[in-house]
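Participant: Spelled out from the first residue to the last, the chains are:
Protein chains: 2
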Amino acid sequence: MPIFLNTAQPDFDQRFDDMLHMKREDAADVNDAVATIIADVRARGDAAVRDLTKRFDRLDLSGGLAFSADEIAAETAKVSAEDRAALAQAANRIRAYHARQMPEDMRWTDPEGATLGWRWTPVSAAGLYVPGGQASYPSSVLMNAIPARVAGVERLVICVPTPDGVVNPLVLLAAELAGVDEIYRIGGAQAIAAMAYGTGTIRPVDKITGPGNAYVAAAKRHVFGRVGIDMIAGPSEVLVIAQGVQNPEWLALDLLAQAEHDADAQSILISPDEALAKAVVAEVERLLPTLPRAAVAGASWRDYGTVIVTRDLDEAAALSDRIAPEHLELCVDDPDALAQKTRHAGAIFLGGWTPEAAGDYVSGPNHVLPTARSARFSSGLSVMDFLKRTTISKLSPQALAAIGPAAVRLAASEGLSAHGLSVSARLETLNGGAG
Amino acid sequence: MPIFLNTAQPDFDQRFDDMLHMKREDAADVNDAVATIIADVRARGDAAVRDLTKRFDRLDLSGGLAFSADEIAAETAKVSAEDRAALAQAANRIRAYHARQMPEDMRWTDPEGATLGWRWTPVSAAGLYVPGGQASYPSSVLMNAIPARVAGVERLVICVPTPDGVVNPLVLLAAELAGVDEIYRIGGAQAIAAMAYGTGTIRPVDKITGPGNAYVAAAKRHVFGRVGIDMIAGPSEVLVIAQGVQNPEWLALDLLAQAEHDADAQSILISPDEALAKAVVAEVERLLPTLPRAAVAGASWRDYGTVIVTRDLDEAAALSDRIAPEHLELCVDDPDALAQKTRHAGAIFLGGWTPEAAGDYVSGPNHVLPTARSARFSSGLSVMDFLKRTTISKLSPQALAAIGPAAVRLAASEGLSAHGLSVSARLETLNGGAG
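Protein chains in written order, with this note's numbering: chain G, 12 to 446; chain L, 12 to 446.
In isolation and in its complexed conformation, chain G is listed as follows:
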């Protein structure tokens, strides 16, 4: 049974707080194992990667780590025309959305004569980790690789493990549609180490993104600093706020779509309408046993599913901000007005015709989003993750004359005399008319 709360309960605050801080993930401590793997890859390069792949994936890579163009063509030829069309439509829509995110360079000259601004440049090389086996999602390839390509990354690398040699042709097709340059059939901490430090075959990259298991997450934390990484994703969640005339089956399916991801996923329903909330819960219970992934979805719903009845929508919006959900579905009469009352969410889906699942695949916005309340301070994946900003300044002699004395003064107050001298030496030349 999910957790039922009502804001009218006298102990609601405590119960809500308990729900909010429920631990949904027991990350195994794999740091020592990961440190050993990374050290091995740094020391022995390709040989280490081959040995580890034989051990963990039961796969002999003595013929090479990379997929050849022929192998990719042979695999992607297996994809049906319908799947290919769906993937292409998704890729085009994701590309169009992310193209709008490209930020602009700026440059201006202020009244003192200082020309200031910034410019954006892409990272040179990015590596995308794609999990193997059941969680090998072609949609994630698009969501990670397309923003990198849009940002202008020159070299885009994928590592995807293929345990026992099993390949997902749709993953290779997604990589092709996204314009990936190199695909290596390696996984785990060894793949992260290879991308961060390089091997004989694999040149190092500057940024690594993409989801993975506990070993991959620990390896990403480990190499952070040597390369950039995206966020370390935790278990996923959806919050549906419902009110007015809504189809309970649709909302139940939205909650179940989250729950089927993972037993650690969380589905939350908030409504000022207790009857509607009960109708949605009844639909969840009816539909759950019919799902192929009933065991996973059932565990998530039983352990973390939460239903909260509120006095009104304002209260729902306030609770939503405390949850800071990864996905926020507003199935209410005026979703735009309610969206204005919330501040913290990874993605907002407005109205009953906008199921989260459409956004997971084809709407265009990224599905890599901040989990576990981190939407309070972070954003989903975007082209910005593959760009960096360089600030620019250019002072005219007049500008230095106008602002330099303050720098000299502040340098003195901080005890940094060479800082002050580097400005005052120039000012003296100016004042002396020499130079």
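Treat the hints with care, since some could be wrong.
One copy or two, it doesn't matter: identical chains are merged, so the pair holds either way.
[What the hints assert, rightly or not] List of simulated lysine to aspartate or glutamate pairs, EDC-like, C-alpha gap at most 20 angstroms:
1. Lys352 to Glu260
2. Lys89 to Glu425
3. Lys289 to Asp344
4. Lys352 to Glu115
5. Lys352 to Glu165
6. Lys34 to Asp24
7. Lys34 to Asp71
8. Lys89 to Glu187
9. Lys65 to Glu36
10. Lys89 to Asp273
11. Lys352 to Asp325
12. Lys65 to Asp51
13. Lys352 to Asp116
14. Lys289 to Glu260
15. Lys34 to Glu82
To be clear, the hints were calculated from the coordinates, so they are not data collected in a lab.
Computed from a prediction, not measured in an experiment: that's the story for all the values here.
Given the structure of chain G, go ahead and fit chain L onto it with the hints provided.
Facilitator: Coordinates of chain L only, in the frame set by chain G:
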């Protein structure tokens, strides 16, 4: 003696690579100590913070953790009118620069009928760490606090240790000019823990920024995920590219300004003009002994100072990109043209009248910049660090009809049936004319 390289040397590549990967920092492993402190603050709150402050800062905070308005007024009254004016000019210029960084919300409707976009919202509360003692820099207070205020952060907190009760009045004045709401006289890992988890007195924040020693850095890594953090700054560096008619004394002072920060700092000079390079080095050697911080600057210059003579400026630009310097000074005839040839730098200073020190204090751009080659993949502090982006989507029934089938297809290929059903249930209603 600094490292002298010339790209004409037969073993230049190896020697450059050795320089690039020189280890400049031996971070002590303080993780266990920091974990203990954080656990103590989480368990005992204010009492733990008071005990730790008594132990580490020899300071009794039984009267309260925060500076009172009267204390702040009494301290800031000690600041001279000249220092106050310099700090105010810096604050105004930093505010004006960062105000231009505010990104815009976007929203559009595509031909399929999908309304898409994103919006930016500030984090609700940010905490700024300010080191105590010698490294208690008022300029850093401005550089961290002003972007947060410009972003619209509602609650802005500072923690600054005051060992033995010693306060830097300029730090308090900078906090006042930047509009900080609460100032606590605590430091170290206990301050980071207090801001991340909250105590009886200090409400938790969502994002923590600011520099600190090994304990502070380890504590920030520790609480990352619970709150957002800025980068973990490493030792600082400057790269000066020089050519044409330049004043060797000015460039020498720019190199020394970097070196005086820290014995781990690095100053690099690249020039195609060996005579100019030698003249700058001679000025460094002449000026070094005259500096109050000669010991620090001398150690940095001796251990990490590097001079590289190149065939031409193109070669200099290529080496600069491999270094990816935090600060890049282009003291050449056409600095704008040379800037166009580089891609990776935290900040670029164009021309001989733009000493880095002006940018450290008053030019306007932020002085918190990516160190240790991380400009390959990251940017300096900005208003973006205090904002997060929420993606928005709103599908019309027609839009769902146009893109929903692809989502259903991709969900099936990934084995996520509830995802597919949440879309197809809506499509059936549409096609059946019901709903």
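Participant: The structure should be examined with respect to each hint, and the outcome stated for every one.
Facilitator: These are the hints, each one checked on the structure:
1. Lys352 to Glu260: neither (26 angstroms within a copy, 58 angstroms between copies)
2. Lys89 to Glu425: Answer is between; shortest inter-copy Cα gap is 16 angstroms, intra-copy 67 angstroms.
3. Lys289 to Asp344: within (19 angstroms within a copy, 74 angstroms between copies)
4. Lys352 to Glu115: Answer is between; shortest inter-copy Cα gap is 19 angstroms, intra-copy 29 angstroms.
5. Lys352 to Glu165: Answer is between; shortest inter-copy Cα gap is 16 angstroms, intra-copy 41 angstroms.
6. Lys34 to Asp24: within (18 angstroms within a copy, 51 angstroms between copies)
7. Lys34 to Asp71: Result: close neither inside a copy nor across copies, 39 angstroms intra and 36 angstroms inter.
8. Lys89 to Glu187: within (14 angstroms within a copy, 66 angstroms between copies)
9. Lys65 to Glu36: neither (29 angstroms within a copy, 37 angstroms between copies)
10. Lys89 to Asp273: For lysine 89 and aspartate 273, the Cα distance exceeds 20 angstroms both inside one copy (29 angstroms) and across copies (60 angstroms).
11. Lys352 to Asp325: Cα proximity of lysine 352 and aspartate 325: one copy only (7 angstroms, versus 53 angstroms across).
12. Lys65 to Asp51: within (14 angstroms within a copy, 45 angstroms between copies)
13. Lys352 to Asp116: between (32 angstroms within a copy, 16 angstroms between copies)
14. Lys289 to Glu260: within (12 angstroms within a copy, 78 angstroms between copies)
15. Lys34 to Glu82: Cα proximity of lysine 34 and glutamate 82: none, with 43 angstroms in one copy and 42 angstroms across.
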